[in-house]
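Could you slot chain Z onto chain L? The hints should help.
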Amino acid sequence: MTNRLRVLRAEREWSQADLAGRLGVSRQTVNAIERGKYDPSLPLAFRIASTFGQPIEAIFQPDAAQSAP
Amino acid sequence: MTSMDEKIDRPRWPFGCTAEMTPRDIRNRRRFSLLMLGWGVAWCAARLGLGEHGLQSPAPRVALALLPIAVLLAALAAYLRFLRHADELLRRIEVEGLGVGFATGLLLLWSWLFLERLGAGPIDPTVVGSLMVFGWVAGQHLARRRYT
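Just so you know, the protein sequences line up as chains L and Z, in that order.
Sequence positions in the first sequence follow numbering that gives the first Met the number 0 and run 0 to 68.
Sequence positions in the second sequence follow numbering that gives the first Met the number 0 and run 0 to 147.
Just so you know, these hints were derived from the structure itself, not from any lab.
Cβ atoms here follow ideal geometry from the backbone N, Cα and C, with glycine treated the same way.
Careful, some of the hints might be misleading.
Simulated coverage check for chain Z against chain L, where a stretch passes if three residues somewhere in it have a Cβ under 8 angstroms from a Cβ of chain L [to be verified]:
1) 20-26
2) 84-95
3) 135-147
What follows is a list of derived Cβ distance ranges for each label pair [stated by the list, open to error]:
4) Gly52(L) <-> Ile122(Z): 54 to 64 angstroms
5) Leu106(Z) <-> Ser40(L): 42 to 52 angstroms
6) Thr1(L) <-> Val40(Z): 42 to 52 angstroms
Chain L with its partners taken away, still in its complex shape (with noise of 0.2 angstroms):
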C-alpha cells in the first residue's frame, strides 16, 4: 500500500516523533508505515486521517496488485 504521509507531514513541518507523538504510537512505526514497509492498523488509519483532516483514502492507496479483483 503506497501513502502520502511523509508528504503531509512536511507540509506541517512536523518530524516523524512529532507524528508519532500524536498518534501514540512509536516513531519505528511512523518510519515503517512511510517507507510502505509496514501497513497500519483500521484504527491508527483512521487516527492519521483525522490528524491530517483527510479522508483515509486520500492518504492510502492500495497497490495495483491489491486493487486488481
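Showing chain Z alone in chain L's frame:
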C-alpha cells in the same frame, strides 16, 4: 538523504532499541525484563537449594521449588500486559518472534523421536526451552529487519 528521510538506527541486538519505543512500552518491557531476571535468580537458587547439598527440610524444599514457577507466572502476566498495550508494530514484531520460538520448540519435540531411533539420547527439556527462547529472539530480529 534529506531531513525528511529520518534514518532509524538498527536495533542493538538482542534488546532492541528502546529509543524507538513509546514510554509505556519501555515501562512495561522493563517490568517484564526485571521479572525475568528475578526468575533467573529464583531458578538458580532452586537448582542449588534442591541439589545434593541443598535444603533438607520438606517445607522449604517445596517453597523453593515453587518460587521459580510463581515468578515466571508473574513474568508471563507482565509480558501479556506488555503485548496488549504495545505499539502495534512492536506487537507484530513480538508476535512473529513468538511464532518462531513456538515452532522451534514444536519442531524439536515432535522430531526428537526420530533422532532417538537413530541413536540420540533422551531430550533435555532445558535444551528445548533454551532453543525456544533462541528462536523467539531470532524471530524478533527477522521481523524487525522485515518491517524497519
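Hint check:
For the segment 20-26 of chain Z, the proposed coverage by chain L is satisfied: 3 residues have a C-beta within less than 8 angstroms of a C-beta in that chain, meeting the threshold of three. Under the rule that three or more residues need a Cβ within less than 8 angstroms of chain L, the assignment of the segment 84-95 of chain Z holds, with 5 such residues. Counting residues of the segment 135-147 of chain Z whose beta-carbon sits less than 8 angstroms from any beta-carbon of chain L gives 3, enough to reach three: the coverage restraint holds. Between Gly52(L) and Ile122(Z) the CB atoms are about 59 angstroms apart, so this pair conforms to the stated range of 54 to 64 angstroms.
Separation of Leu106(Z) from Ser40(L) is about 30 angstroms and departs from the stated range, judged on CB atoms against 42 to 52 angstroms. Thr1(L) and Val40(Z) have their C-beta atoms about 50 angstroms apart, which keeps the hinted 42 to 52 angstroms range intact.
Going down the numbered hints, you'll see the structure goes against just number 5.
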